[in-house]
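Asks: Sequence:
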Amino acid sequence: MILKPLTTFKLSINNLKQKPFRTVCLLAVVAILTSVFFGGSILAASLENGLYSLQSRLGADIMVVPEGNDSNVEDILLKAEPSNFYFSADIAEEIEKIEGVDKVTTQFYMTPLSSACCSSVIPIIAFDPETDFLIQPWITKVYNNPIKDGEMIIGSAVLPLVDNTLMFFNKYYPIIANLKRTGTGLDGSVYVTKDTMKQLIIDAKEVGVSISTDENVGESVSAIFIKIAPAYDSRLIAREIKQKVSNVDTIISQHIVSNIGDSLRSLESYIHLITAVIWVLGILVILIVFSVTLNERKKEFAILRILGATRKKLVEVVLTESVLVSIVGGIIGLILTSLIIFPFSDLISSKLQLPYLQPQNSSILAIIALSLILSVLVGLLASIHGALKISKAETYLTMREGE
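Take 19 as the starting number for the sequence shown in the numbering used here and just add one per residue.
The hints are simulated quantities; they were obtained by calculation from the structure and are not laboratory data. None of the values given here were measured: they were computed from a predicted structure. There could be a bad hint or two in this list.
Okay, derived cross-link-like pairs now, EDC-like style, lysine to aspartate or glutamate, Cα gap no bigger than 20 Å in a straight line [stated by the list, open to error]:
1) Lys245 <-> Asp120
2) Lys216 <-> Glu237
3) Lys369 <-> Asp93
4) Lys262 <-> Asp120
5) Lys262 <-> Glu117
6) Lys369 <-> Glu66
7) Lys245 <-> Asp88
8) Lys245 <-> Glu334
9) Lys260 <-> Asp88
10) Lys245 <-> Glu114
11) Lys189 <-> Glu237
12) Lys166 <-> Asp146
13) Lys245 <-> Asp267
14) Lys115 <-> Glu237
15) Lys245 <-> Glu66
With beta-carbon atoms standing in for the labels, derived distance ranges [claimed, not checked]:
16) Ser89 <-> Glu258: 19 to 25 Å
17) Leu299 <-> Lys198: 38 to 44 Å
18) Tyr190 <-> Pro361: 52 to 58 Å
19) Glu224 <-> Ser380: 48 to 54 Å
20) Asn163 <-> Ile292: 32 to 38 Å
Note that CB positions come from ideal geometry on N, CA and C, so glycine has one too.
The whole structure should be built from the sequences, with the hints applied where relevant.
Replies: Encoded structure:
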């Protein structure tokens, strides 16, 4: 019978199996380190993507809302909760006359207050296709034809019925397009023309269902969106609107992005701080565990030297064990984190109340690779000093220790 040579890999595997408690502890520490780095990186990247998506999605330089409702704008953008505020549609005509205003469009918000007659309590946003420059650029990415009366376009977080329709006030409306995810509250809204909104309000009254408004769609609007002409300052235009139009608030889009960006950066700072603290503690634990266990294994390595193993072989065995623990622990950490951060992304987004858009697959794969590389490097750095120390020990003196 020919015995197969005991390779470095097999010897390392056997060593790890012989000390299951030690191996499990090392795996747990590496898994935690990898999980924290991977989860923190995905979270930070998703928040950055969400902020960029929000900035792209806004489209307008200035928003005008009824006085006292400027704080509700973030509810619209982040939580898909259009508030019950309206003012005269004539205000849009006044704003169009102001020098420096390039484009003006309006939106009307309504929310069913009961799910008994509707698919669910979903915010509905009515826009004017003839003047709109906010929603239609996103629609054209998934649907080439103009939206017609009686049709609906839904955000990525809205679930249609099996036949690709939504029911409102006991009537079914076809879904013609599903907008791409933006990571904002706008993903949870339904988009219709203003004529469709008029019909929805009529239907609601006919079936006796409460809705968030009694306003006339043609005479009232919820918000006015303004695009400023080149070379004009949005702050000066906003100030002029406040001077010429009474009982309104103006919100500069860049200020919203800036405020959300400040919250985002504050959260990211906490994420990076927690990650750094856990990594420092984890590395110290790995260093201590490797140092203690290698010291305990002095005689084991001395016996291997007597059996013919070279000093280089001992270093290879220790480093191979470290790499195996780092890779397996890293994979465990990645899997556990992925089972939390990907399936529950919508829940994470709603709890953070910040724009949250997960990175593309290529970016996720890059973060996975970096997480594994870092876990392996940490394992190698933690074990290399002890491995070199073991390899330099004199076999005779090691065997005599403790006598």
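Asks: Each hint should be assessed against the structure and marked as holding or not.
Replies: Each hint, compared with the structure:
1. A distance of roughly 5 Å separates the Cα atoms of Lys245 and Asp120; the hinted pair therefore holds under the 20 Å criterion.
2. As the CA atoms of Lys216 and Glu237 are separated by approximately 11 Å, the hinted pair is consistent with the 20 Å bound.
3. Only pairs whose Cα atoms come within 20 Å are accepted, and Lys369 paired with Asp93 is accepted, the gap being roughly 13 Å.
4. A hinted pair counts as satisfied when its Cα atoms are at most 20 Å apart, and Lys262 with Asp120 qualifies at roughly 17 Å.
5. Distance restraint check for Lys262 and Glu117: the Cα-Cα separation of roughly 12 Å lies within the 20 Å cut-off, and the hinted pair is therefore satisfied.
6. Distance hint between Lys369 and Glu66 is fulfilled; the C-alpha atoms sit about 16 Å from each other, no more than 20 Å.
7. For the suggested pair Lys245 and Asp88, the alpha carbons sit about 18 Å apart, so the restraint of at most 20 Å is met.
8. For the hint linking Lys245 to Glu334, the alpha-carbon distance of about 65 Å lies beyond 20 Å, and the restraint is violated.
9. Between the alpha carbons of Lys260 and Asp88 the distance comes to roughly 13 Å, so the proposed pair stays at or under 20 Å and holds.
10. A distance of roughly 10 Å separates the Cα atoms of Lys245 and Glu114; the hinted pair therefore holds under the 20 Å criterion.
11. Between the alpha carbons of Lys189 and Glu237 the distance comes to roughly 25 Å, so the proposed pair goes past 20 Å and is violated.
12. Proximity of Lys166 to Asp146 is assessed by CA-CA distance (about 11 Å); at most 20 Å being required, the pair is judged to hold.
13. For the hint pairing Lys245 with Asp267, the CA-to-CA distance comes to about 16 Å; that is within 20 Å, so the pair holds.
14. Taking the CA atoms of Lys115 and Glu237, the gap is near 19 Å; set against the 20 Å cutoff, the hint holds.
15. Under the criterion of a C-alpha separation no larger than 20 Å, the hint pairing Lys245 with Glu66 is inconsistent with the structure, at around 25 Å.
16. Checked against the hint of 19 to 25 Å, the C-beta distance between Ser89 and Glu258 comes to roughly 22 Å, which is consistent with it.
17. Checking the proposed 38 to 44 Å range against Leu299 and Lys198 shows it holds: the Cβ atoms sit about 40 Å from each other.
18. At roughly 30 Å, the beta carbons of Tyr190 and Pro361 sit outside the given window of 52 to 58 Å.
19. Range check, Glu224 to Ser380: Cβ separation about 51 Å, and the 48 to 54 Å hint holds.
20. Between Asn163 and Ile292 the Cβ separation comes to about 49 Å, which falls outside the hinted range of 32 to 38 Å.
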